[in-house]
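Q: This is what each chain is made of:
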Amino acid sequence: QQKVQQSPESLTVSEGAMASLNCTFSDRSSDNFRWYRQHSGKGLEVLVSIFSDGEKEEGSFTAHLNRASLHVFLHIREPQPSDSALYLCAVSPGGSNAKLTFGKGTKLSVKS
Amino acid sequence: DTTVKQNPRYKLARVGKPVNLICSQTMNHDTMYWYQKKPNQAPKLLLFYYDKILNREADTFEKFQSSRPNNSFCSLYIGSAGLEYSAMYLCASKTGGSEVFFGKGTRLTVV
Numbered sequence: 037q038q039k040v041q042q043s044p045e046s047l048t049v050s051e052g053a054m055a056s057l058n059c060t061f062s063d064r065s066s067d068n069f070r071w072y073r074q075h076s077g078k079g080l081e082v083l084v085s086i087f088s089d090g091e092k093e094e095g096s097f098t099a100h101l102n103r104a105s106l107h108v109f110l111h112i113r114e115p116q117p118s119d120s121a122l123y124l125c126a127v128s129p130g131g132s133n134a135k136l137t138f139g140k141g142t143k144l145s146v147k148s
Numbered sequence: 309d310t311t312v313k314q315n316p317r318y319k320l321a322r323v324g325k326p327v328n329l330i331c332s333q334t335m336n337h338d339t340m341y342w343y344q345k346k347p348n349q350a351p352k353l354l355l356f357y358y359d360k361i362l363n364r365e366a367d368t369f370e371k372f373q374s375s376r377p378n379n380s381f382c383s384l385y386i387g388s389a390g391l392e393y394s395a396m397y398l399c400a401s402k403t404g405g406s407e408v409f410f411g412k413g414t415r416l417t418v419v
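Residue numbers (the working numbering), protein chains in the order written: chain R, 37 to 148; chain H, 309 to 419.
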């Protein structure tokens, strides 16, 4: 059964400093990797999806996937206080009815 | 319209009473999911419909029901709410290689 773990549990960075979040997964055959953000009391906002090893950039968010080491990272460039939220990693196989397995998330606080 | 709509956004329910949550999408997606999210916990898949076929997770099999009367709508039904059902309920949809789209969620509070 797929296991997804995220670290750190919480992270505080200064406005403008790079924030790096880590996600590890257990099933090397996983195909789809997504990073979501949840502001307090709100729904999930997809930030970036990545399906092959390497990097993918969406605005200030960059995902880096290394399937061999079972890691997918999220780097946030020049975060703002409005980026303070819970960041969730989700892993799934491909296909129409694929189930997402989530980590518990990293709570990011950006201080001005 | 790439949005998944959930109603209501907030729901207050009494212990022992039924709860019905609604989700809709107009993207003609074949798969619709329901997740439960509690504070400090990972979102947990409860069930999903692939077309007309309902798949329920083994550990929540008896706690939640669902129906999908047509491609656009999917409901989540709790027959008798308990305090442990208080959570955010998230609906999502996808098809083929598309992105997974989430709704804004329904915050259920059981008292």
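Calculated directly from the structure, the hints in this document are not laboratory data.
These numbers were taken from a predicted model, which means no experiment stands behind them.
Using N, Cα and C, we set each Cβ at its ideal position, and we do this for glycine too.
Among these hints, one or two may not hold up.
[Claimed, not checked] Calculated from the model, a selection of chain H residues having no Cβ within reach of chain R, i.e. all distances over 12 Å:
1. Ala321
2. Ala350
3. Lys352
[As the list claims (entries may be wrong)] Label-pair ranges, simulated between beta-carbon atoms:
4. Arg322/H with Ala104/R: 18 to 24 Å
5. Thr48/R with Asn336/H: 41 to 47 Å
6. Ser394/H with Pro129/R: 44 to 50 Å
7. Glu392/H with Ala104/R: 26 to 32 Å
8. Arg317/H with Glu51/R: 28 to 34 Å
9. Arg322/H with Asp89/R: 26 to 32 Å
10. Glu392/H with Phe87/R: 33 to 39 Å
11. Pro326/H with Phe87/R: 39 to 45 Å
12. Gly390/H with Asn58/R: 43 to 49 Å
13. Phe87/R with Pro316/H: 44 to 50 Å
14. Pro117/R with Gly324/H: 41 to 47 Å
15. Asp89/R with Ser394/H: 29 to 35 Å
Q: Confirm or reject each hint.
A: Quick rundown of the hints versus the structure:
1. Ala321: holds, 18 Å
2. Ala350: violated, 4 Å
3. Lys352: Given that some Cβ of chain R is not farther than 12 Å from that of lysine 352/H, nearest at about 8 Å, it is violated.
4. Arg322/H with Ala104/R: 18 to 24 Å: Violated - the Cβ-Cβ distance for arginine 322/H and alanine 104/R, about 52 Å, lies outside 18 to 24 Å.
5. Thr48/R with Asn336/H: 41 to 47 Å: For threonine 48/R and asparagine 336/H the Cβ distance comes to about 43 Å; the hint holds.
6. Ser394/H with Pro129/R: 44 to 50 Å: The hint (44 to 50 Å, Cβ to Cβ) is violated, given that serine 394/H and proline 129/R are roughly 31 Å apart.
7. Glu392/H with Ala104/R: 26 to 32 Å: violated, 40 Å
8. Arg317/H with Glu51/R: 28 to 34 Å: About 31 Å separates the Cβ atoms of arginine 317/H and glutamate 51/R, which means 28 to 34 Å holds.
9. Arg322/H with Asp89/R: 26 to 32 Å: violated, 51 Å
10. Glu392/H with Phe87/R: 33 to 39 Å: holds, 36 Å
11. Pro326/H with Phe87/R: 39 to 45 Å: holds, 40 Å
12. Gly390/H with Asn58/R: 43 to 49 Å: With a Cβ separation near 36 Å, glycine 390/H and asparagine 58/R fall outside 43 to 49 Å, so the hint is violated.
13. Phe87/R with Pro316/H: 44 to 50 Å: Given range 44 to 50 Å: violated, Cβ gap about 35 Å.
14. Pro117/R with Gly324/H: 41 to 47 Å: Holds: the Cβ-Cβ distance is about 43 Å, inside 41 to 47 Å.
15. Asp89/R with Ser394/H: 29 to 35 Å: violated, 40 Å
Comparing the model with each numbered hint stated earlier shows that hints 2, 3, 4, 6, 7, 9, 12, 13, 15 do not hold.
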